[in-house]
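Protein chains: 2
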Amino acid sequence: MLYLESLYSKNANNMKKSVIRELLKLTQQPEIISFAGGLPDPDTFPVEDLHQAADLVFTKHARVALQYGTTEGDNELRAELVKFEERQGHKIGPDNLLITSASQQALDMIPKIFIDPGDYVIAERPTYVGAIQALQSYQGRMLGIPACCDNDGMDMDELEKRYTKAKADGASIKYIYVIPDFQNPSGICWSLQARKALVAFAYKYDLLIVEDAPYREIRFLGEHQPSIYQLDQEMENRGIVIGLKTFSKILAPGVRMGWIVARPEIIQKLVVAKQAVDLCTNVFSQKWLAEYLRTGKIYEVIKNTCNLYRDKRNFMCEMLEKHLPKRSDLFWTKPEGGLFLWIALPKFINTEEMIVKAVAEKVAYVVGSAFYFDEPEHNAMRINFSYSSKTQIEEGVRRLARVIKAEIVAHEAGRHSVAAPEGV
Amino acid sequence: MLYLESLYSKNANNMKKSVIRELLKLTQQPEIISFAGGLPDPDTFPVEDLHQAADLVFTKHARVALQYGTTEGDNELRAELVKFEERQGHKIGPDNLLITSASQQALDMIPKIFIDPGDYVIAERPTYVGAIQALQSYQGRMLGIPACCDNDGMDMDELEKRYTKAKADGASIKYIYVIPDFQNPSGICWSLQARKALVAFAYKYDLLIVEDAPYREIRFLGEHQPSIYQLDQEMENRGIVIGLKTFSKILAPGVRMGWIVARPEIIQKLVVAKQAVDLCTNVFSQKWLAEYLRTGKIYEVIKNTCNLYRDKRNFMCEMLEKHLPKRSDLFWTKPEGGLFLWIALPKFINTEEMIVKAVAEKVAYVVGSAFYFDEPEHNAMRINFSYSSKTQIEEGVRRLARVIKAEIVAHEAGRHSVAAPEGV
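Protein sequences appear in the order of chains Y and G.
Just so we're aligned: the first sequence equals residues 30 to 453 in the working numbering.
Just so we're aligned: the second sequence equals residues 30 to 453 in the working numbering.
Chain Y with its partners taken away, still in its complex shape (with noise of 0.2 Å):
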């Protein structure tokens, strides 16, 4: 009889389910308040007007929206694009795009081509759990530089200690993996020092940088800040920044639409690899998106969301203020932007051992581990604050409060917690 174990990959033998996924699933439970997910709240979907565009592209151009399209992305929407960058301070051209199905698409094409079995790439400890899933795919390895909880970006020191030794070791490192802006999951930015710091860096060693900027436009609070991307054209334009972005967090994740910014050299390989992906992004859905962009309102859509992830997030910082017990090895970020942030809880509590009991209270967070490629923490969580109404978001701190005190109680008491079911 067939055993499918022989039969599967390395790769596939390996591949763990998101712990993200799996938790969106145990959030679907009834009266559970889930700050797990990385929803946006759907009250900033414009339906009407995305509505509207559908339909001009119905009486347009149904017959070019439902045909196959080009591998690099519809014409007029990279046109769209191109607008939309220079707004964001970045001289680029149709050239220098490539349209993804949202910014997962290119956080799997990225290793694809750059990353053989055990290649490296350098990125923040911790670091988005998507980009840890996509380079493991390809047998990839992570070099974790520490990277939390202010806006000082990664370490330098440890970086360059870091790098160097693991050249001495004979590493092959390939680029540097970065989340400026509002990072996921710790909700932090980088300081314009910090930024032009490790473009200084990538210059020296000859690397490339690829900026995941999801939540770039979603800054509530603070200062602009230029891109990384931004500060190579300022610098020595090289061309070494490959930028990813995505229309999940702005306009809205159903659509499955981002992009990627990067020298025509790069994007030309990209295509190739595309090809092979899936021959082209969903032509109906870039044709729409084009029609929406044309209409210029999508800047109003951002400037409401930002307006109303500002509230929530002041909201949540105010609660768990109020709620968490105060002590020094117990804080959490204060974002700037974004949709997340992280609380760092006391040495002794386990987050993984922790979220059975905070199911139980109706209440989710993701497991700080998750998104560490080795080594992992083991006394944070990820917090979100876009998705959950103010409601909830008091009555859910309130829950995560009472967990939380419990697992102190229990510790101070000499107690230790049990050890959750294997592979929550």
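It should be emphasised that the hints constitute simulated quantities derived from the structure, not laboratory data.
From a predicted model like this one, the values you see are computed outputs, not experimental measurements.
Among these hints, one or two may not hold up.
Because identical chains cannot be distinguished in the list, a pair is counted as satisfied if it fits within a single copy or across any two copies.
Claimed, not checked - In silico DSSO-like links for lysine-lysine, alpha-carbon gap of 27 Å or less:
| no. | residue 1 | residue 2 |
| --- | --- | --- |
| 1 | Lys89 | Lys419 |
| 2 | Lys196 | Lys355 |
| 3 | Lys233 | Lys39 |
| 4 | Lys326 | Lys196 |
| 5 | Lys326 | Lys89 |
| 6 | Lys419 | Lys391 |
| 7 | Lys233 | Lys332 |
| 8 | Lys190 | Lys112 |
Based on the hints, put chain G in the right spot on chain Y.
Just chain G now, with coordinates in the frame of chain Y:
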């Protein structure tokens, strides 16, 4: 300075641009008649009904359609597909289904979960170029078994012989990839006997079969044959078949929507792989097609498409009969369905060299050599009959005949055609 070639993965440095996609660019030249692409006739797109279905999504569940969805795929769409598959004679449930971004994504994910570098797939010779490219991107290899120009599927003696030899040489063989219905590129359809023999072979050697069936519903002549998926269910029901389906040829390729049918363990493994690939397929399009399928109108569309393509196929065969030289070493397949036929030319004609002359004469085809993993035949071409109008078919075949006749005349005069520039 950064030298990209030293950073690219082995896969990326091996990737070749798709001959077909590059040809599609050539064919955008004015006045060219292209038999090269695999485009459906846009007259078959049910624009009005699709528009109404999209309107329903906006009015009924826009907030869900614009949000993230599950990796497995939308429940409503999967419920509709269970019914669609039932009409095909397949007994399945939603757990047997994974929604993909059309078939090409499935063709990428199958080797992702089964192929380690150097592993083999058994396939027809010739076979679909997109399947070859996807396999190559995982450094897989193909054991090609002759299957062309009659309806008897693979040469089973050859299969047994080559399989036994490869195993004796230590090859790791993972699955058999076939397109039994109106194959791309040959247009042939496997007989019932050939299908049963393949299932028996797979049973004997504990192999999976990947049945790629994008054209299955587009049968316009001859008798219905059970799918290999159905035959496995009827024979020993071992669950060894993975079926790949798409809306690209039966509805509209621009929506980039397909589905995989397989036993639940394999679907679950693919779900984990897809999480890292793109999180989920376009949610709006899934809801949209679910609404459209609910109308039941797709069966009428398929019927009309079959009628239209039968007419075009007959006309193209008539024109080939009328204009191509009559020789025993020049013949073509007469498909009972699908979008393509295959022309074999005299051995002394190299269609890669001839394509430059054909394009100069304003007619295009796909070179036959694109459809071989190794040891390509050079004297064949794939011809599409679904896209061009009858006027274009007549004029295009006339042009093609002129080019072919000139090759024959040149050969008989003892002259040889000049080599085409590399990469065409």
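Now for the hints, and whether the structure bears them out:
no. : hint            : in the structure
1   : Lys89 x Lys419  : between (42 Å within a copy, 26 Å between copies)
2   : Lys196 x Lys355 : neither (43 Å within a copy, 66 Å between copies)
3   : Lys233 x Lys39  : between (35 Å within a copy, 25 Å between copies)
4   : Lys326 x Lys196 : neither (48 Å within a copy, 61 Å between copies)
5   : Lys326 x Lys89  : both (20 Å within a copy, 23 Å between copies)
6   : Lys419 x Lys391 : within (16 Å within a copy, 65 Å between copies)
7   : Lys233 x Lys332 : neither (38 Å within a copy, 63 Å between copies)
8   : Lys190 x Lys112 : neither (40 Å within a copy, 60 Å between copies)
Figure legend: structure checked against the earlier numbered hints; hints not met, in rising order: 2, 4, 7, 8.
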